[in-house]
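S.K.: Build out the structure end to end from the sequences listed, making use of the hints.
Residue numbers (my numbering), protein chains in the order written: chain A, 3 to 136; chain B, 865 to 981; chain C, 39 to 134.
Be aware that one or more of the hints could be misleading.
Said to hold, decoys possible - Just a few of them, taken from the derived set where beta-carbon distance is under 8 Å, the chain B residues facing chain A:
(1) Pro-867
(2) Ile-925
(3) Lys-931
No lab work stands behind these hints: they were computed from the structure. The beta carbon of each residue, even a glycine, is placed where N, CA and C say it ideally should be.
The chain contents come next:
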Amino acid sequence: MSYLPGTASLINEIDKRLLIVLRDGRTLIGYLRTIDQFANLVLHQTIERIHVDKQYGDIPRGIFIIRGENVILLGEVDDEKFKNSGLEEAPIDEVLEKQRSLQLQKQKEIEEKRKALRERGLEPSHLESIQEDF
Amino acid sequence: MLPLSLLRTAVNHPMLVELKNGETYNGHLVNCDNWMNINLREVICTSREGDKFWKMPECYIRGSTIKYLRIPDEIIDMVKEEAQRPRGDGRGRGRGGRGGGRGEICLNSSLYNSHSE
Amino acid sequence: MLFYSFFKSLVGKDVVVELKNDLSIHGTLHSVDQFLNIKLTDISVTDPDRYPHMLSVKNCFIRGSVVRYIQLPADECDTQLLQDTARKEASQNKKK
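M.R.: Structure, rendered in structure tokens:
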């Protein structure tokens, strides 16, 4: 690796409060404390933010060591943009309820698809156990 | 300090490991290596849906299947203490909050040396 | 290293990055590294309703391994130069 200008690096993001999106669709917000060459991350004072439509709820989670390959992106939360986003915080129980009903719906659809495939002689592959919901 | 060194500091502490398939393993860290392979003891495994549980005295988890690990908050304080200890030398603990300079040097040297092109 | 150098020449240009999770992010290319990790500034998401968490993010770092496509302005790409450079690298690699 080089120190050439124009080189993307996470070093400048250290100690910043960042928003992390994981491959399974989770959104985490925490202070980035350390990184390595695989983009493994250590997040401090992390919260998991659950979004349903324009509402969100936060769950405090503490320290995360995240394996780099599960990270989709890291973003800096901009306070201006956040104010204009129309996102509103809601009690976490409400948000979790909404999320649960959405997930039940999705599960039903997936089951129907699987059934249709099975009827045509196709079996779900082992890769399906690793779900990437986004 | 690197993420894997933080993990090494967490040996003997309880932690939660979530795998890529959504299963979670709660247990005490016995050992870990450079590939993030870990050994836990007194483990409770929870299924992805959160409805099935298994208890086992120990388990080995291959690093490549890990999504993330959650460790107790006190580990970060332990790390800060460790960083300050070698600089103690009778000069007191007032030196560099996070072990600033040394920490960054460690970061740079491993980032720009160990991964070959 | 060819694409790393190529993207370095595009720093400052507007691009759209499409990820493997179907999320498309429009932004200005700030920097790139040897793994083709990308930093974008002033981002906007093309389908914000599906991805509400991106509404408050202005700059982001995208891991190279999750990128499917990077859409570039056609006039920024000298395809002739790219082809020549690619041929040169291929012949150099053959000699190795």
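S.K.: Does each hint hold? Answer for all of them.
M.R.: Cross-check of the supplied hints:
1. Pro-867: holds (4 Å)
2. Ile-925: Violated. Min distance 11 Å.
3. Lys-931: holds (5 Å)
In terms of the numbered hints stated before, the structure departs from hint 2 and from no other.
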